[in-house]
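Q: Listed below, chain by chain, are the residues.
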Amino acid sequence: MARLTAPPQFLTTTLGKAMRWSQQQSMWPATFGLACCAIEMMATGTAHNDLARFGMEVFRASPRQADLMVVAGRVSQKMAPVLRQVYDQMADPKWVISMGACASTGGMFNNYALVQGVDQIVPVDVYVPGCPPGPQSLMHGILTLQDKVMSGELAR
Amino acid sequence: MAEPTSTTDIWVSGTEAPEVSEWMVAGTDEGAQEMERHETTERSVEQRGSRVVDDWVVDDTIDDDERMIVNMGPQHPSTHGVLRLNIELEGEIVRRVKPIIGYLHTGMEKTAETLTFLQGGTNVTRMDYLAPLHNELCYSLAVERLLGVEIPPRAQAIRILMTELNRVSSHLVATATNGMDIGALSMMMYGFRERELILEFFEKTTGLRMNHNYIRPGGLAADLPDGWEEDVAEILVRIPRAIQDYEDLLKENPIWMGRTQGIGIITADECLAYGVTGPTLRAAGVPWDLRKAQPYSGIEAYDFEVVTGSRGDVYDRYRVRIGEIHQSLRIVEQVADAMPRGDYKTGDRKVSPPPRQRIDESMEALIHHFKIYTEGFKVPAGETYAAIEAPRGELGCYLVSDGSGAPLRMHTRAPSFSNLQALPIMMADSLVADTVACIASLDPVMGDVDR
Chain A
1 MARLTAPPQF
11 LTTTLGKAMR
21 WSQQQSMWPA
31 TFGLACCAIE
41 MMATGTAHND
51 LARFGMEVFR
61 ASPRQADLMV
71 VAGRVSQKMA
81 PVLRQVYDQM
91 ADPKWVISMG
101 ACASTGGMFN
111 NYALVQGVDQ
121 IVPVDVYVPG
131 CPPGPQSLMH
141 GILTLQDKVM
151 SGELAR
Chain B
1 MAEPTSTTDI
11 WVSGTEAPEV
21 SEWMVAGTDE
31 GAQEMERHET
41 TERSVEQRGS
51 RVVDDWVVDD
61 TIDDDERMIV
71 NMGPQHPSTH
81 GVLRLNIELE
91 GEIVRRVKPI
101 IGYLHTGMEK
111 TAETLTFLQG
121 GTNVTRMDYL
131 APLHNELCYS
141 LAVERLLGVE
151 IPPRAQAIRI
161 LMTELNRVSS
171 HLVATATNGM
181 DIGALSMMMY
191 GFRERELILE
201 FFEKTTGLRM
211 NHNYIRPGGL
221 AADLPDGWEE
231 DVAEILVRIP
241 RAIQDYEDLL
251 KENPIWMGRT
261 QGIGIITADE
271 CLAYGVTGPT
281 LRAAGVPWDL
291 RKAQPYSGIE
301 AYDFEVVTGS
311 RGDVYDRYRV
321 RIGEIHQSLR
331 IVEQVADAMP
341 RGDYKTGDRK
351 VSPPPRQRID
361 ESMEALIHHF
371 KIYTEGFKVP
381 AGETYAAIEA
391 PRGELGCYLV
401 SDGSGAPLRM
411 HTRAPSFSNL
421 QALPIMMADS
431 LVADTVACIA
441 SLDPVMGDVD
451 R
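Those protein sequence lines, which keep their order, are chains A and B.
Per my numbering, the very first residue in the first sequence carries number 1; after that it's consecutive.
Per my numbering, the very first residue in the second sequence carries number 1; after that it's consecutive.
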């Protein structure tokens, strides 16, 4: 009589859940450092804060390989078309985190030079407040995005 | 005046009727720099950098087929922000480089005119975001020079303590990114690890990791926190130990040595001709340091040396930065040992708000407090220039006041901006692979360049 000795070698799930899980767990950010926030983004990725704990440490230089654009810093009028082009070059599914007050609203610079909120150019999924947001804030933003992807709210 | 030739009304006053070329009608071309349609073709191709304008002598004997123009940036991991380079290559050799800036232009000098002198610190601290305290100090010194107020010794000592720690953290980032750009990825991890130590102290003192607005006209925002002596003592122990680790890591590494020694050489004469200051100038052998040449905030009382190099290459600039970290820690140690007692801001009630307990007692004090934080204090009319030695070189603040509560004009002499214009000299006839090493060793901060 055959007996089951090994643990079962399969699991059941729905296709949508498996897809969301894989999207959530391997979200590769594009390097889109602009200003002060970029330094904090780098600090988030390096040893002390270690973004690798969330499967996010693979900052890609090419937008073709990236799923997530962290707009880190103030977006000038001159940078705006570049930002949009980089966003367009990213392959679907893709998400955008607006990091910091300047990227979200223009921050303290309400003048001729800055785009008053990057959501005028690209669709933003998560806004991270702060000037600049500390690594913990950025990690919270990333975890929020991951939760929203897993819950299906932002799954693509 | 020529009439506009098309229905799209594309013309600029004082010029000929422009040609409407294909790309303008189509909207964008490579780089997709143009959103607006109101520029002439000639001007736009230069501004976009699609054509490299000849501003020095070109060797015409080279066949044009051998030349290739490569665009680097503005979105590139090794351009330290949003610097864009037009690189003209002949095979593997860089013949010409044209830096294109302005991708981070924030209009800060204009914003400064709308903020009061007391609010101005929030603005300038975001310029060079790796050395926010230096920006604040420079701006505060300019305002104080116009005001003619005396800063108490304790405030001056804390200013030196904080700016020298800031220099250490800035040089740590410079060394870390220099290592990462050349391929020494662990250097990146180490540099940022030690930087966290200083940033934690900054956060404890000022409330923020960056963009502190801690040094203000008239003194400081707050005194040092309780237990700062232990924090500084820990920094003084751990950073030198870590620097030794970096030295072991890099000096024993033949790839690092090969990719930095003899690369990106700039001579002392070239540095002086282009207004290059800071570690780049000192690495070329010129012992020019504003802390010695034009001392500020009582830094002449402390004992330190000006670190210089001899060859002016990438390796020397790295050596100078490491040496300056040691010298800055020497200053920090002396400041911490001899920290004077007293107030952390000036007692001049025209500049400094009354203490909290006076507001409860006196109506006049309350009114005075309110007026300082709404209208701002009045600064006598005049103009001044104050300069300090920032981690990247001479950081200057030119300030014009018309006697009101906000500056009439504020201009910053940004060290990164002046240093960046020497990049074409540094990179002329070098190999294309050395491009990132040269940029990283200059350590430009684009927020400082574009403002």
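If you are wondering where the hints come from, they were derived from the structure by calculation, not from laboratory data.
Every residue, glycine too, gets a C-beta built ideally from N, C-alpha and C.
Treat the hints loosely; a few may be bogus.
[Unchecked claim] Between beta-carbon pairs, the in silico distance windows are:
id : chain 1 : residue 1 : chain 2 : residue 2 : range
1  : A       : Q120      : B       : T374      : 48 to 54 Å
2  : B       : K204      : A       : Q25       : 32 to 38 Å
3  : B       : D245      : A       : D50       : 14 to 20 Å
4  : B       : I367      : A       : E153      : 49 to 55 Å
5  : B       : L366      : A       : P129      : 28 to 34 Å
6  : A       : G55       : B       : E229      : 39 to 45 Å
7  : B       : I367      : A       : N110      : 25 to 31 Å
8  : A       : H48       : B       : L431      : 51 to 57 Å
9  : B       : L431      : A       : Y112      : 37 to 43 Å
10 : A       : Q136      : B       : E234      : 42 to 48 Å
11 : A       : Q120      : B       : D248      : 45 to 51 Å
12 : A       : Q25       : B       : G227      : 40 to 46 Å
Q: Please go over all the hints and tell whether each is borne out by the structure.
A: These are the hints, each one checked on the structure:
1. The hinted range of 48 to 54 Å is not satisfied by Q120 of chain A and T374 of chain B, whose Cβ atoms lie roughly 32 Å apart.
2. As the Cβ distance of K204 of chain B to Q25 of chain A is approximately 35 Å, the hint placing it in 32 to 38 Å holds.
3. As the Cβ distance of D245 of chain B to D50 of chain A is approximately 19 Å, the hint placing it in 14 to 20 Å holds.
4. Evaluation of the 49 to 55 Å hint for I367 of chain B and E153 of chain A yields a pass: the beta carbon distance comes to about 52 Å.
5. Taken as a hint, the range 28 to 34 Å holds for the pair L366 of chain B and P129 of chain A, whose Cβ atoms sit roughly 32 Å apart.
6. As the Cβ distance of G55 of chain A to E229 of chain B is approximately 41 Å, the hint placing it in 39 to 45 Å holds.
7. Our hint of 25 to 31 Å for I367 of chain B and N110 of chain A holds, since their Cβ atoms are close to 29 Å apart.
8. For H48 of chain A and L431 of chain B, the Cβ-Cβ distance of about 35 Å falls outside the hinted range of 51 to 57 Å, so the restraint is violated.
9. A beta carbon spacing of about 41 Å between L431 of chain B and Y112 of chain A agrees with the range 37 to 43 Å that was offered as a hint.
10. One distance hint, 42 to 48 Å for the beta-carbon pair Q136 of chain A and E234 of chain B, is violated here, with the actual separation near 21 Å.
11. Judged by the Cβ atoms, the range 45 to 51 Å given for Q120 of chain A and D248 of chain B holds: they are separated by roughly 49 Å.
12. Between Q25 of chain A and G227 of chain B the C-beta distance comes to about 41 Å, which sits within the given range of 40 to 46 Å.
When the structure is compared with the earlier hints, violations turn up for hints 1, 8, 10 and for no others.
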